[in-house]
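These protein sequence lines map, in sequence, to chains A and B. Take 492 as the starting number for the first sequence in the working numbering and just add one per residue. Take 15 as the starting number for the second sequence in the working numbering and just add one per residue.
Just so you know, the hints here were simulated from the structure itself, not pulled from any lab data. Please note that a few of the clues may not be correct.
Cut-off 35 Å, straight-line C-alpha distance, at most; resulting in silico cross-link-like pairs (DSBU-like, lysine-lysine) [stated by the list, open to error]:
id, chain 1, residue 1, chain 2, residue 2
1, B, Lys100, B, Lys152
2, B, Lys73, B, Lys152
3, B, Lys152, B, Lys51
4, B, Lys128, B, Lys51
5, B, Lys194, A, Lys515
6, B, Lys19, A, Lys585
7, B, Lys194, A, Lys622
8, B, Lys194, A, Lys594
9, B, Lys85, B, Lys160
10, B, Lys19, A, Lys594
11, A, Lys616, A, Lys594
12, B, Lys194, A, Lys619
13, B, Lys152, A, Lys567
14, B, Lys180, A, Lys594
15, B, Lys160, A, Lys567
16, B, Lys51, B, Lys194
17, A, Lys511, A, Lys615
18, B, Lys248, B, Lys160
19, B, Lys19, A, Lys615
20, B, Lys152, B, Lys19
21, B, Lys141, A, Lys616
22, B, Lys19, B, Lys51
23, B, Lys82, B, Lys51
24, B, Lys152, B, Lys194
25, B, Lys194, A, Lys511
26, A, Lys542, B, Lys140
27, B, Lys194, A, Lys542
28, B, Lys86, B, Lys132
29, B, Lys86, B, Lys19
30, A, Lys585, B, Lys180
31, B, Lys51, B, Lys180
32, A, Lys615, A, Lys542
33, A, Lys585, B, Lys73
34, B, Lys82, B, Lys140
35, B, Lys160, B, Lys140
These numbers were taken from a predicted model, which means no experiment stands behind them.
What follows is each chain in one-letter form.
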Amino acid sequence: MAANVISASRLTLAYDNGRKEIIKNATFNIRRGEFIFITGPSGSGKSTLLKSFYGALRHTEGDLMVGGLDMGRISKGRLQELRAHLGIIFQDYKLINEWTVEKNVVLPLIIAGYGLDIQQTQAKKLLKHVKLSEQANMYPLELSGGEQQRVGVARALSKNPFLILADEPTGNLDEYSSNVIWDLMENACDQLGATVVVVTHRIPTIFNIPYRHLIIENRGIYEVH
Amino acid sequence: MKSIKEHMMFILPLMAILLGMEFFLVFNRVTRNYEEKLKENYSILVVTSRPVRSSVIEKVDRRIVNVKSIKKEEIAKEIVDGLSQKGVEEILEAIPFFYTLNLSSYLNREEINKIAQKLLNYPVVKKVETFGESHRSKYNLFLFLKIIFWSFVSLMSMISIFLIVKQMEVWQMAHQERMKIMEIFGAPMMLRSGVLFRIAITDAVIATLLSVGFFIFLKYYWIPKSGIEFLIEKTDMLFGFLDVVVLLIVVLTIVVSAVFIVTLGNRESVE
Numbered sequence: 492m493a494a495n496v497i498s499a500s501r502l503t504l505a506y507d508n509g510r511k512e513i514i515k516n517a518t519f520n521i522r523r524g525e526f527i528f529i530t531g532p533s534g535s536g537k538s539t540l541l542k543s544f545y546g547a548l549r550h551t552e553g554d555l556m557v558g559g560l561d562m563g564r565i566s567k568g569r570l571q572e573l574r575a576h577l578g579i580i581f582q583d584y585k586l587i588n589e590w591t592v593e594k595n596v597v598l599p600l601i602i603a604g605y606g607l608d609i610q611q612t613q614a615k616k617l618l619k620h621v622k623l624s625e626q627a628n629m630y631p632l633e634l635s636g637g638e639q640q641r642v643g644v645a646r647a648l649s650k651n652p653f654l655i656l657a658d659e660p661t662g663n664l665d666e667y668s669s670n671v672i673w674d675l676m677e678n679a680c681d682q683l684g685a686t687v688v689v690v691t692h693r694i695p696t697i698f699n700i701p702y703r704h705l706i707i708e709n710r711g712i713y714e715v716h
Numbered sequence: 015m016k017s018i019k020e021h022m023m024f025i026l027p028l029m030a031i032l033l034g035m036e037f038f039l040v041f042n043r044v045t046r047n048y049e050e051k052l053k054e055n056y057s058i059l060v061v062t063s064r065p066v067r068s069s070v071i072e073k074v075d076r077r078i079v080n081v082k083s084i085k086k087e088e089i090a091k092e093i094v095d096g097l098s099q100k101g102v103e104e105i106l107e108a109i110p111f112f113y114t115l116n117l118s119s120y121l122n123r124e125e126i127n128k129i130a131q132k133l134l135n136y137p138v139v140k141k142v143e144t145f146g147e148s149h150r151s152k153y154n155l156f157l158f159l160k161i162i163f164w165s166f167v168s169l170m171s172m173i174s175i176f177l178i179v180k181q182m183e184v185w186q187m188a189h190q191e192r193m194k195i196m197e198i199f200g201a202p203m204m205l206r207s208g209v210l211f212r213i214a215i216t217d218a219v220i221a222t223l224l225s226v227g228f229f230i231f232l233k234y235y236w237i238p239k240s241g242i243e244f245l246i247e248k249t250d251m252l253f254g255f256l257d258v259v260v261l262l263i264v265v266l267t268i269v270v271s272a273v274f275i276v277t278l279g280n281r282e283s284v285e
């Protein structure tokens, strides 16, 4: 795989058939195995940018490559394949409330068609990792916000993704729960070698390591040094 | 309670289609049976000036079958009583040759006239008589009822399919969040819609079982006690094992199509 997991050149993202531009002429790269923050004020287009990384929004101009795939020309089948290799974490968790915690965690494995035994082994391992082994048979709505987000992180890690995209992952959590989530995500980067892209309105204070930081301002994307 | 109501909203239109379909199959069988009987009773009489081989008459039209010659003695039997041998011979000499023939299917008046005309085109054929006109009005009534019935079943099916699709949309809305999440994680359409297929197929099987149960009740319990002679005589035409297979295929086709209509109408939400 190329050194850059995500590569954007003169990228323009817009809604309303190109009438409402959110990002304009942005050029940036995200390298394999790095932990990177993308920040910006509310409404600046952080989530929009993240959507374009997993193909929920097609760019109107420029080029965008994710995992070596041209997102402007990607077929439906290839997009499904790409998504199956991503780990995505949302601010509102996006868990399936009718499914148990364990089943939620192995959703990517279910989609990939893994057998029940592999699903159970992986679920056990991941739930232990996020300290939710006791809650395996509970349903998401029986858990606290912090616990639900840990399920979300476990789900994102279940298929050893090469890229983890996190959209305001601690936006709804208290400080303690947020710190647990950040730890888990740092571990994913350090131990699993996954590239982690975090979109957030501000970088949490616990991060004293100088991670790369992109900022969205006036429709442009700039690197903060 | 809400869930039962939603399932009933799906099962009832399916049952309406299945009952309509089964009644139509029964009606079709009754009509076909009546047609067969008419066909057996229906014959054409051909009068020729000299003897003709039955194969020659059969060649006139492929629908002509079972050509039989009527013996002159049989025709003259009533009028030759008391006549001398010579007189009888003269009468037999004067009588033309008679043939009866059947048709392979029950035809309308226009088609029969065409066959009669084809026969008359042969120089040896003097006269062609067709019978069975008295059955025609009854048969036409059957055909009319069949068309009315078919139209009614079609209309009812269309309304039912509309209701089925609407209910499917309600379920799709109810499971939209789950389907959306699965879509984000790369699930193909068939897997995302798995929940809809499961509900639809389960309800389709329930609707088929209820409809089959209704007809079994009619056939084995209600009709024998009803005292309606016509129905009692035709019980065997009412419901058969093959009908279960037909109904199941129809209902599964409808629900699977409904799921596809709804899911394809709400495809991948790439902005």
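Checked hints:
no.	hint	result
1	Lys100(B) with Lys152(B)	48 Å, violated
2	Lys73(B) with Lys152(B)	30 Å, holds
3	Lys152(B) with Lys51(B)	13 Å, holds
4	Lys128(B) with Lys51(B)	22 Å, holds
5	Lys194(B) with Lys515(A)	28 Å, holds
6	Lys19(B) with Lys585(A)	28 Å, holds
7	Lys194(B) with Lys622(A)	27 Å, holds
8	Lys194(B) with Lys594(A)	16 Å, holds
9	Lys85(B) with Lys160(B)	41 Å, violated
10	Lys19(B) with Lys594(A)	29 Å, holds
11	Lys616(A) with Lys594(A)	13 Å, holds
12	Lys194(B) with Lys619(A)	27 Å, holds
13	Lys152(B) with Lys567(A)	60 Å, violated
14	Lys180(B) with Lys594(A)	30 Å, holds
15	Lys160(B) with Lys567(A)	48 Å, violated
16	Lys51(B) with Lys194(B)	60 Å, violated
17	Lys511(A) with Lys615(A)	45 Å, violated
18	Lys248(B) with Lys160(B)	17 Å, holds
19	Lys19(B) with Lys615(A)	39 Å, violated
20	Lys152(B) with Lys19(B)	45 Å, violated
21	Lys141(B) with Lys616(A)	96 Å, violated
22	Lys19(B) with Lys51(B)	47 Å, violated
23	Lys82(B) with Lys51(B)	19 Å, holds
24	Lys152(B) with Lys194(B)	59 Å, violated
25	Lys194(B) with Lys511(A)	25 Å, holds
26	Lys542(A) with Lys140(B)	89 Å, violated
27	Lys194(B) with Lys542(A)	14 Å, holds
28	Lys86(B) with Lys132(B)	24 Å, holds
29	Lys86(B) with Lys19(B)	75 Å, violated
30	Lys585(A) with Lys180(B)	26 Å, holds
31	Lys51(B) with Lys180(B)	45 Å, violated
32	Lys615(A) with Lys542(A)	30 Å, holds
33	Lys585(A) with Lys73(B)	77 Å, violated
34	Lys82(B) with Lys140(B)	17 Å, holds
35	Lys160(B) with Lys140(B)	38 Å, violated
The structure does not agree with the numbered hints 1, 9, 13, 15, 16, 17, 19, 20, 21, 22, 24, 26, 29, 31, 33 and 35 stated previously, though it agrees with the rest.
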